[in-house]
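Residue numbers (this note's numbering), protein chains in the order written: chain W, 103 to 306; chain S, 184 to 388; chain F, 112 to 307.
In short, the hints are calculated from the structure, not lab data.
Just so you know, even glycine gets a beta-carbon here, dropped at the ideal spot from N, CA and C.
Errors might be hidden in some of the hints.
Covered, in the sense of this in silico footprint (three residues per stretch, anywhere, with C-beta under 8 Å from a C-beta of chain F), are these stretches of chain S [what the hints assert, rightly or not]: (1) 208 to 216; (2) 238 to 251; (3) 297 to 307; (4) 347 to 361.
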Amino acid sequence: MPKKKRIFYPVVFMVIVTAFFTFLLAFLNEQTYERIDEQRALEFQTSVLYALDLPIETMTEKEIISFFNNNVEEKTINDRNYYIYSENGTTQGYVFQFIGDGLWGTISGHIALDPNFTQLLGVNFTDHSETPGLGGRIDEIEFKEQFRNISIEDTEQIIEYGTASGGNVDAISGATSTSTAVRNILNNEIPDIIELTQKEGFDE
Amino acid sequence: MSEIKKLFSLGVWKDNPVYRQILGICSALAVTNLLMNSLVMGIGLIFVTAFSSLTVSLLRNHTPKHIRMMIEVLIISTYVIIMDIFLKAYWPEMSDALGPYVGLIITNCIIMGRCEAYAQNNPPFLSFIDGATMGLGYTAVLLFIAFFRELLGFGSLFGIQVLGDSFMRWTLMVMPPGAFFMLGIVIWIARNIFPDQTEGGPVNG
Amino acid sequence: MVEINPLVIFVASIFTNNMILANFLGMCSFIAVSNEIETSFSLGQAVTFVLTATSVLNYLIYHYVLVPYNLEYLRFIIFIIVIAAFVQLVEMIIERYFENLYYSLGIFLPLITVNCAILGVSLFMVIRDYNLLQSLLFGAGSGIGWTLAIVAMAGIRKKLKTASIPKGLEGPGITLIITGIMALAFLGFSGIVKIQ
Numbered sequence: 103m104p105k106k107k108r109i110f111y112p113v114v115f116m117v118i119v120t121a122f123f124t125f126l127l128a129f130l131n132e133q134t135y136e137r138i139d140e141q142r143a144l145e146f147q148t149s150v151l152y153a154l155d156l157p158i159e160t161m162t163e164k165e166i167i168s169f170f171n172n173n174v175e176e177k178t179i180n181d182r183n184y185y186i187y188s189e190n191g192t193t194q195g196y197v198f199q200f201i202g203d204g205l206w207g208t209i210s211g212h213i214a215l216d217p218n219f220t221q222l223l224g225v226n227f228t229d230h231s232e233t234p235g236l237g238g239r240i241d242e243i244e245f246k247e248q249f250r251n252i253s254i255e256d257t258e259q260i261i262e263y264g265t266a267s268g269g270n271v272d273a274i275s276g277a278t279s280t281s282t283a284v285r286n287i288l289n290n291e292i293p294d295i296i297e298l299t300q301k302e303g304f305d306e
Numbered sequence: 184m185s186e187i188k189k190l191f192s193l194g195v196w197k198d199n200p201v202y203r204q205i206l207g208i209c210s211a212l213a214v215t216n217l218l219m220n221s222l223v224m225g226i227g228l229i230f231v232t233a234f235s236s237l238t239v240s241l242l243r244n245h246t247p248k249h250i251r252m253m254i255e256v257l258i259i260s261t262y263v264i265i266m267d268i269f270l271k272a273y274w275p276e277m278s279d280a281l282g283p284y285v286g287l288i289i290t291n292c293i294i295m296g297r298c299e300a301y302a303q304n305n306p307p308f309l310s311f312i313d314g315a316t317m318g319l320g321y322t323a324v325l326l327f328i329a330f331f332r333e334l335l336g337f338g339s340l341f342g343i344q345v346l347g348d349s350f351m352r353w354t355l356m357v358m359p360p361g362a363f364f365m366l367g368i369v370i371w372i373a374r375n376i377f378p379d380q381t382e383g384g385p386v387n388g
Numbered sequence: 112m113v114e115i116n117p118l119v120i121f122v123a124s125i126f127t128n129n130m131i132l133a134n135f136l137g138m139c140s141f142i143a144v145s146n147e148i149e150t151s152f153s154l155g156q157a158v159t160f161v162l163t164a165t166s167v168l169n170y171l172i173y174h175y176v177l178v179p180y181n182l183e184y185l186r187f188i189i190f191i192i193v194i195a196a197f198v199q200l201v202e203m204i205i206e207r208y209f210e211n212l213y214y215s216l217g218i219f220l221p222l223i224t225v226n227c228a229i230l231g232v233s234l235f236m237v238i239r240d241y242n243l244l245q246s247l248l249f250g251a252g253s254g255i256g257w258t259l260a261i262v263a264m265a266g267i268r269k270k271l272k273t274a275s276i277p278k279g280l281e282g283p284g285i286t287l288i289i290t291g292i293m294a295l296a297f298l299g300f301s302g303i304v305k306i307q
């Protein structure tokens with residue numbers, strides 16, 4: 103009898119304590135999961151709108167969410183998602199996600215193109231593992247703003263570093279590898295994207 | 184009151200979990216490249232350690248001996264999840280910056296150490312204080328290390344640029360080797376200021 | 112799921128993303144045990160074994176139980192309980208059937224439960240969205256990398272016994288400094304392969 107009690111009590115105790123804490127967590131989760139999902143979506147939506155050169159700094163979180171939901175549509179072509187931004191019925195831009203090799207890990211982000219595929223509207227980086235303070239500076243506004251309204255008609259070499267010698271963008275000083283990686287990613291992705299847009303089923 | 188003072192001086196100075204007990208090293212190295220991240224991690228650890236110690240102490244007379252560690256792990260995990268949920272919902276950028284190191288608070292030896300060494304044998308209120316002061320000592324060391332790493336590596340403090348552009352940043356300070364060196368130096372300094380009188384591990388209440 | 116060759120993950124987790132030298136995980140037992148080569152190697156083997164097994168177990172539980180029922184927020188509790196239970200089980204089996212192994216390895220097993228590297232690998236696997244094979248090789252590689260670091264450290268510390276070190280630096284202090292130098296060296300491996 104005593105032996106059964108010895109095993110019985112710990113098990114019951116464990117079950118009660120586990121149940122109590124699990125209920126506590128489930129309750130908390132219930133209260134917050136909507137907000138957590140919203141935050142994650144917000145991060146994504148902000149990135150897309152930023153790439154499109156929209157004035158997100160002046161918008162509140164609610165405004166960003168409602169703007170995105172009203173004006174941006176998600177579609178797929180060849181298993182790749184893309185986003186169509188339209189205002190008053192006319193398409194103003196397309197946004198594609200990209201992922202490529204950086205120095206320390208992969209770099210991913212968004213590329214926004216104008217409806218005629220003649221210009222790069224902008225880029226944003228959503229994830230990377232580059233060196234903080236060096237390659238990591240690709241997140242800085244000054245670097246990203248350089249990629250506004252760059253002509254992509256000549257698909258041979260879209261991004262070229264060295265504005266002093268005829269290029270259209272400046273690399274990050276001290277972060278040659280990361281800068282090169284970004285340039286290569288963009289120069290490879292943009293022609294690929296343009297090719298995708300010419301396939302049947304695009305924006306229908 | 185004197186008991187609280189004693190706990191405070193132990194947790195922060197004399198028996199500091201990081202430089203004396205050599206516990207909680209993993210996160211002390213990982214997040215100290217930025218002062219803000221260190222502060223958040225420190226506050227999180229104070230929260231988890233204090234409440235875990237409190238809960239363990241409340242249950243100490245009812246917990247069967249041989250499942251005691253599993254109960255402790257359960258309690259610690261619960262508070263860590265609370266912290267994780269809170270960060271994800273209200274401060275997602277910080278949640279991303281701290282990454283998996285929030286979850287790793289569970290394995291932070293400081294918390295388990297305090298539960299085993301103090302909370303098991305002491306009343307709830309004092310256990311809470313013990314947990315909080317140990318967390319405070321941990322936070323203090325983290326902030327000290329982060330001060331140097333962020334200043335030398337980024338030229339900033341709490342994200343605000345302090346040193347001008349002409350300062351050549353020691354990027355190595357914000358990368359893993361810099362973390363190891365800084366912590367080694369901190370332990371060296373601490374050992375010289377507080378020489379080993381009683382090399383007997385953490386003090387029991 | 113990311114399209115990275117599992118073998119690449121395996122090699123990278125040993126060198127470029129070494130658990131100790133790049134991710135700071137498993138430091139407590141690393142500092143404590145690395146003064147003896149034999150015990151370091153034994154502990155490393157145990158860690159590798161537990162890492163490989165628990166990354167697979169946790170992968171299965173996460174993707175077949177937690178995700179379908181929207182219980183991802185419980186993953187911390189579940190993972191650590193799986194790890195603790197697995198270690199307990201292994202300890203019981205070894206004690207019963209492999210007594211020799213128990214005497215050399217068994218005492219380390221409880222230490223492994225709180226080794227942050229074990230939980231860390233499971234958490235990384237979830238964050239980086241690896242598939243089963245990638246997780247398996249990630250766990251195995253991380254264990255081997257951890258073992259590599261601790262055995263190398265033990266070898267160095269053995270030489271250090273005859274060197275004169277400033278009083279305050281003895282033990283953890285000098286171990287950390289040396290780890291820093293090793294981390295510096297391993298930084299040179301970066302860029303060869305990418306796994307995140």
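request  = Hint by hint, work out which the structure violates, then give me just those numbers in ascending order.
outcome  = The structure conflicts with hints 2 and 3, although it agrees with all the remaining ones.
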